[in-house]
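Sequences and hints are given; from them, build the entire structure.
2 protein chains.
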Amino acid sequence: MLKLKFDKNGLIPAIIQDAKTKEILMLAYMNAESFKRTLKTKKTWFYSRSRKKFWMKGEESGNVQKVKKIYVDCDADTILVLVEPKGAACHNGYNSCFYRTEKGKIILKKVFDPKKVYRK
Amino acid sequence: MLKLKFDKNGLIPAIIQDAKTKEILMLAYMNAESFKRTLKTKKTWFYSRSRKKFWMKGEESGNVQKVKKIYVDCDADTILVLVEPKGAACHNGYNSCFYRTEKGKIILKKVFDPKKVYRK
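Just so you know, the protein sequences line up as chains A and B, in that order.
Start counting at 1 in the first sequence, then tack on 1, and there's your number in the working numbering.
Start counting at 1 in the second sequence, then tack on 1, and there's your number in the working numbering.
One thing to keep in mind: the hints can contain errors.
Which copy is meant is left open, because identical chains are indistinguishable; a pair holds if it fits in one copy or across any two.
To be verified - Straight-line Cα separation of at most 30 angstroms, DSSO-like style, residue types lysine-lysine; simulated pairs:
#1 Lys53 / Lys6
#2 Lys23 / Lys110
#3 Lys67 / Lys21
#4 Lys70 / Lys87
#5 Lys4 / Lys44
#6 Lys116 / Lys67
What the hints contain is simulated information worked out from the structure, not anything from laboratory work.
Just so you know, these numbers come straight off a predicted model, no measurement behind them.
Encoded structure:
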């Protein structure tokens with residue numbers, strides 16, 4: 002197993018890519034424990050910097066991500082996770098979190114209504 | 002233009018993806034100035050945390066990345082840049098920095114010899 006370089010907060014960015022379509026779905030952060038859980042459960046687990054807690058993608062929405070492959074970059078300070086997503090990745094209702102251009106133009110269609118999926 | 006959320010060090014992670022093949026090439030960090038230069042020159046500019054300086058991808062190796070599209074995620078704290086790469090992205094001689102699995106298995110072929118491309 003490669004030794005990952007976590008930052009001074011104990012986190013490493015994880016790029017989540019759809020294994021089939023190659024679309025980038027999201028970027029989130031893992032700590033050592035969420036990386037372990039990701040390996041063990043084959044579902045994506047992250048660490049929320051704002052909520053200061055672990056979370057499994059889809060624990061509330063049901064939109065889990067099944068892990069297919071994991072790659073590590075040259076500096077071992079970023080990981081790339083190829084997943085088979087069930088449902089959409091973005092809590093705003095889009096398939097990918099990258100649904101806007103830098104000018105703010107929305108380039109994806111909403112696939113679910115966040116109000117109906119998230120309780121809070 | 003969307004207002005990007007730079008972190009407390011003034012940086013934002015930028016995922017670099019091949020516009021054609023959809024392969025993830027690298028992840029690097031931009032500050033406000035390197036983002037501006039990226040927009041202006043249509044080449045990727047980053048900020049090196051270790052060397053504490055701007056750099057343009059390819060300034061030494063010649064392996065520049067022509068910017069095709071820029072997307073911003075839901076929280077505006079990550080950007081995704083689709084590029085047309087000239088040559089390989091990784092300073093270790095691979096097309097992508099993600100050339101290893103989490104177990105350390107190399108899954109890409111080396112396309113150049115770093116010793117011949119980088120002076121230092």
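So, going through the hints one by one against the coordinates:
| no. | hint | verdict |
| --- | --- | --- |
| 1 | Lys53 / Lys6 | both (20 angstroms within a copy, 19 angstroms between copies) |
| 2 | Lys23 / Lys110 | both (18 angstroms within a copy, 20 angstroms between copies) |
| 3 | Lys67 / Lys21 | both (12 angstroms within a copy, 25 angstroms between copies) |
| 4 | Lys70 / Lys87 | both (16 angstroms within a copy, 27 angstroms between copies) |
| 5 | Lys4 / Lys44 | within (21 angstroms within a copy, 32 angstroms between copies) |
| 6 | Lys116 / Lys67 | within (24 angstroms within a copy, 39 angstroms between copies) |
The earlier numbered hints are all upheld by this structure, with none contradicted.
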